[in-house]
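Construct the entire structure; sequences and hints are all you get.
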Amino acid sequence: MKCDNCKNQASVHLTEIRNGKKIEKHLCEQCAAQLEGLPIKSHTPINELLTNFVLAHSGQLAREQSATCEVCGISWAEFRQNGLFGCEHDYTAFEKDLTPLLHRAHAGGTHHVGKVPVRRGSAMPPAKKQVDVARLQRELQRAVEAEDYERAAKLRDQIRQATAG
Amino acid sequence: MSEIVVSSRIRLARNISGYRFLGKMTRHQRQSLEAKIRDTILSAQLSPQTLYVDLEAAPEIDRQLLVERHLISKQHAAGEGARGVAIAENETLSIMVNEEDHLRIQVLRSGLQLEEAWEQINAVDDKLEARLDFAFHPRFGYLTACPTNVGTGIRVSVMLHLPALKLTGEIEKVFRAAKDLHLAVRGLYGEGTEATGDFYQISNQITLGHTEEEIISDFKHGVIPKIIDFEHHARRTLLNERTAALDDKVFRSLGILRSARLLTSEEVMFLLSHLRMGINLGRVKDVDMRTVNELLLLTQPAHLQKLQGRKLEGDQRRAARADFVRQRLNGN
Chain U
60 MKCDNCKNQA SVHLTEIRNG KKIEKHLCEQ CAAQLEGLPI KSHTPINELL TNFVLAHSGQ
120 LAREQSATCE VCGISWAEFR QNGLFGCEHD YTAFEKDLTP LLHRAHAGGT HHVGKVPVRR
180 GSAMPPAKKQ VDVARLQREL QRAVEAEDYE RAAKLRDQIR QATAG
Chain X
802 MSEIVVSSRI RLARNISGYR FLGKMTRHQR QSLEAKIRDT ILSAQLSPQT LYVDLEAAPE
862 IDRQLLVERH LISKQHAAGE GARGVAIAEN ETLSIMVNEE DHLRIQVLRS GLQLEEAWEQ
922 INAVDDKLEA RLDFAFHPRF GYLTACPTNV GTGIRVSVML HLPALKLTGE IEKVFRAAKD
982 LHLAVRGLYG EGTEATGDFY QISNQITLGH TEEEIISDFK HGVIPKIIDF EHHARRTLLN
1042 ERTAALDDKV FRSLGILRSA RLLTSEEVMF LLSHLRMGIN LGRVKDVDMR TVNELLLLTQ
1102 PAHLQKLQGR KLEGDQRRAA RADFVRQRLN GN
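Order-wise, the sequence lines are chains U and X. In terms of the numbering used here, the first sequence opens at residue 60 and continues consecutively. In terms of the numbering used here, the second sequence opens at residue 802 and continues consecutively.
Covered stretches of chain U, as calculated for chain X (at least 3 residues, CB under 8 Å):
no. : segment
1   : 141-147
2   : 162-168
3   : 172-178
4   : 198-205
Here are the simulated DSSO-like cross-link-like pairs (lysine-lysine), alpha carbons at most 30 Å apart as the crow flies:
no. : chain 1 : residue 1 : chain 2 : residue 2
5   : X       : Lys928    : U       : Lys213
6   : U       : Lys66     : U       : Lys84
7   : X       : Lys980    : U       : Lys155
8   : X       : Lys875    : X       : Lys825
9   : X       : Lys1050   : X       : Lys1086
10  : X       : Lys1027   : X       : Lys980
11  : U       : Lys84     : U       : Lys61
12  : X       : Lys1027   : U       : Lys213
13  : X       : Lys1086   : X       : Lys1027
14  : X       : Lys1107   : X       : Lys875
15  : U       : Lys155    : X       : Lys825
16  : X       : Lys837    : X       : Lys875
Over the 12 Å line for every Cβ pair with chain U, so calculated as not near, a few chain X residues:
no. : residue
17  : Arg870
18  : Ala879
19  : Arg977
20  : Gly1083
21  : Arg1084
It should be emphasised that the hints constitute simulated quantities derived from the structure, not laboratory data. Virtual Cβ for every residue (Gly too), placed ideally from N, Cα, C.
Spelled out as structure tokens, the structure:
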């Protein structure tokens, strides 16, 4: 069937009811867009489009819920049920979901700044040294306020050592 | 101050790398891990005498005894599967094996001794770490079964005796202040226990994002002095403005303790708590603190039965308790 407007093949078929009368129009994609304001038909058929849309959304959901630790097999859902992890690898396996949880549980704390096992010492980032001094200075202030001069002296020596090195 | 702060406790949670956490372990894996940890602790020679108790094999009364002495948690006593506890350094150090984490190291000191406790437990942690590979991540810190413990894995707590705040009705203030500061308030035996005998355990809840020293320091210099002041103030109020009411409470309690024929462990805790306060405030002069502190422990169910050398049920136990208390307080 040819387009009513131009010589191209008609692919859009419109039926209008106006004043009780049925009017049929046959247009090609371009004329339909131009004259009727209809969007140019996407090259993806609707059924494919629909499946992709659903998949894009539920696929993510399915992925989240079925995310498991490769080592111990625990799922995020299982962890949420009793609040306990299955192995040390879970922390990295669920890192993304874990961050907001830790933020809430530890009032904003999301990174460890405390003791490091001796055998892991070399993995300590250089930035930690700066943090140490600031912390020591805060502690010194508190010790002086509390009149714990013995402790204050120890801290003062620690600060000296840290800033000299 | 030491009368109000009964004890200080620090605990560290650790897991061994290369082993699953307890929730995902097989029975066999639990047994072999327990054996490995037990052998490591004993060979580390943490103290001239280290006692290891196999809790799976121990009778219930022994487990109850350990709970009463604050050496294991109720959870550990009631748990299932291969597990144990190592006790050393004159009962100031206990290491629970296979509780919620592979290791829960605990140091318990009387009064307010948080810094001393930290020095002690830090050294033990180092000694064990030299022999065991602890599960650790540069960002998350020491890895624990529950993320609420991750990072430092540290739980700092103090046991406070707050009878006056309870009597003046201001104890709610303490709960609110603690909650605002992200601190947990629990009863005498920790998680899931009631505050019997006006004893309250205050502990930190945040373990990630601060150093161990910061957590301890915030505790020692922040909320604890405030609560102690609160209690002192409440006691002074009772002493100066409500002397008769205070004395009535104290001497009524002493009266019951000296005369009762049946006493439940809960009731005796409250009575001893009032007596304890009475001695602190100088109202009672003929009973000494050591007797009261001993009674607080020895009237507990397992301790009482061990003393008597036999199992006691119901009224028998309540009668035995009352007899024991009368004997100690009347000197006959």
